[in-house]
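Asks: In case you want the letters, here they are:
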Amino acid sequence: MHTLRILAALQSAALRRALAHRADFAFELVLAVVGGVSSLAALGAVYSRTRALGGWDPASAVVLLGTFQIVSGLRSALVEPNLAWFHQRLRDGRFDQVLTQPASSLLLATLGGCAPAALLQSAAGVLVVAGGVAAEPAPPSVAAVAVWLLLTASASAVMWATRTLVAAVGFWALGLALDSVYSATWQFGRYPVQLYRRPLDLVLTYALPVGLIATVPASALVRDASLLTAATALAATAALCALTAATWSRGLRRYTGATS
Amino acid sequence: MRGFARLLAVACWRESVTWWSLRSFLITLIVDQSVAPLLGLLVWTAAAPGAHGVTSYYLALAAVQLLTVSFEQHTFANAVYDGTFADTLVRPQPALLGAVATNLAIRFWYGVFGLPVVVAAAAATGALPRPAALLAAVPSLLLAMALRFCLTCGASFSAFWTQRAHGAVSLMETLLFLLGGMAAPLALLPGPGAAVGRLLPFWAALGAPAEVASGQADVLQVLPVQLGWLVVLVGAVALLWRRGLRRFAAVGG
Chain G
60 MHTLRILAAL
70 QSAALRRALA
80 HRADFAFELV
90 LAVVGGVSSL
100 AALGAVYSRT
110 RALGGWDPAS
120 AVVLLGTFQI
130 VSGLRSALVE
140 PNLAWFHQRL
150 RDGRFDQVLT
160 QPASSLLLAT
170 LGGCAPAALL
180 QSAAGVLVVA
190 GGVAAEPAPP
200 SVAAVAVWLL
210 LTASASAVMW
220 ATRTLVAAVG
230 FWALGLALDS
240 VYSATWQFGR
250 YPVQLYRRPL
260 DLVLTYALPV
270 GLIATVPASA
280 LVRDASLLTA
290 ATALAATAAL
300 CALTAATWSR
310 GLRRYTGATS
Chain B
185 MRGFARLLAV
195 ACWRESVTWW
205 SLRSFLITLI
215 VDQSVAPLLG
225 LLVWTAAAPG
235 AHGVTSYYLA
245 LAAVQLLTVS
255 FEQHTFANAV
265 YDGTFADTLV
275 RPQPALLGAV
285 ATNLAIRFWY
295 GVFGLPVVVA
305 AAAATGALPR
315 PAALLAAVPS
325 LLLAMALRFC
335 LTCGASFSAF
345 WTQRAHGAVS
355 LMETLLFLLG
365 GMAAPLALLP
375 GPGAAVGRLL
385 PFWAALGAPA
395 EVASGQADVL
405 QVLPVQLGWL
415 VVLVGAVALL
425 WRRGLRRFAA
435 VGG
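If you read the protein sequences in the order shown, they are chains G and B. The opening residue of the first sequence carries number 60 in the numbering used here; numbering runs sequentially from there. The opening residue of the second sequence carries number 185 in the numbering used here; numbering runs sequentially from there.
Take the hints with a grain of salt, since some may be wrong.
Partial chain B-side listing against chain G, Cβ under 8 Å, derived [to be verified]:
#1 L213
#2 G351
#3 L362
#4 P374
#5 L383
What the simulated footprint calls covered on chain B by chain G, stretch by stretch (three residues with Cβ under 8 Å from a Cβ of chain G suffice, anywhere in the stretch; the number is not a length) [as the list claims (entries may be wrong)]:
#6 219-233
#7 338-344
Hint data in this document are derived by calculation from the structure and do not stem from the laboratory. We put the CB at the ideal spot given by N, CA and C, even for glycine.
For reference, chain G alone in the conformation it holds in the complex:
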């Protein structure tokens, strides 16, 4: 509870700082709109040539894209401001500052700051999901919406856990910055994993949980995912979060500090 209060205070301060720069906010809005329209246009171009992509019709693919945008916006707003080029903070000693604060270093280092303007991308994603759902022949059930919300929250946790794991590599290999590789892998989430051929689809489902980011939550909304699928996704998320906490803890033991 104490840590949550600290996090809330930090996020509030970041929000107030961001709101002081209204022009930046307006620019982020333009970026979110152009990004959203661009993704929809790209999807539209694909569906002008086919009726289904990996078994997904256009409306379902729009729901998937919107879900992807929601989680991507959360990543840009809450996680990337903290973990981008994290290895540099380990190298030059700025990470020491986190360790001296009276709260969980994992939460402070990974969620302590935020870029609220990027949440506009998530807001655009919500609109895209709504548009996709409206284009479906039948509206989703209340239960499907609830499961989608749960799985989107779970996808956000997967995003946080995997991004933190990638950043934590810096504890062992200070010269290895995998930020770009993570961003590259992330892009595979904007399409249904069923689109990719074997063995890539298996890799993106089981080895790198890209499928959990958008395909699984969107399935719940437009395809009534089974309880087993939802439960498996939640269990995988819990396991990933536990693995992240354990890896962080082990990494911290290796860290010796770069300042005096």
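Fit chain B to the supplied structure of chain G, relying on the hints for placement.
Replies: Chain B only, in chain G's frame:
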């Protein structure tokens, strides 16, 4: 002119050596840059399995992407933001020399590390381009390299006026993705998309050489569009540069 060429050669050598020491980082950047063409290839081979030349187009596009990539939002705009650009201005050399040298050095290493993978993929999928088409694509590729530099540089010059140069470049990259032939080969765009796209600088800076290399466009029709945009963009960049320099102020010394 000869003096500039020597300065550029020395700066390129220095930057190349610097980036060689960062080769593991370079490889991660190459992976990042290769994903968009790879995704395009996967999506379009699934969406239009009968479409002619999609594989060869996207493999050529991957090569063009690697050889035209520009990072002036990092190399130039960040120097404006942190004030180190002031050091560059007092040196007896063109102020953009460092940015140009870094650009060429990064593209060189992208080519060294990335092109063998693209060639291997093309050989494995039977999508190797015809030598004549490849040769015809060279002038188009050189113009695309200059155009991409001008586009990124122009967007990065917004650092003279705003704190959002990275956002401006990101906006330009989004348009490049959508209209440059990355999201879809222009020939597969619905409606008037293809005709409009071929008149814009984004296709000239990215998709045009890939279409020539994969035998889907005639280089004689592509070059005039690229040359026209190069003239326009060089003029625009020069204008932005002059106005931006007048605005630039740095504290310290």
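Asks: State for each hint whether it applies.
Replies: How the hints compare with the structure:
1. About 5 Å separates the beta-carbon of L213 (chain B) from the nearest beta-carbon of chain G, less than 8 Å, and the hint is met.
2. Interface restraint check for G351 (chain B): the shortest CB-CB distance to chain G comes to about 6 Å, inside 8 Å, so the restraint holds.
3. The restraint placing L362 (chain B) at the interface with chain G holds, with a minimum CB-CB distance near 5 Å, inside the 8 Å limit.
4. Taking 8 Å as the C-beta contact cut-off toward chain G, the hint placing P374 (chain B) at the interface holds, the least distance being around 4 Å.
5. Among the interface hints, the one on L383 (chain B) is violated; its C-beta lies about 17 Å from the nearest C-beta in chain G, farther than the 8 Å criterion.
6. Evaluation of the coverage hint for the segment 219-233 of chain B: fulfilled, as 9 residues show C-beta separations to chain G shorter than 8 Å, against a requirement of three.
7. Under the rule that three or more residues need a Cβ within less than 8 Å of chain G, the assignment of the segment 338-344 of chain B is violated, with 0 such residues.
When each numbered hint is compared with the structure, violations occur for hints 5, 7.
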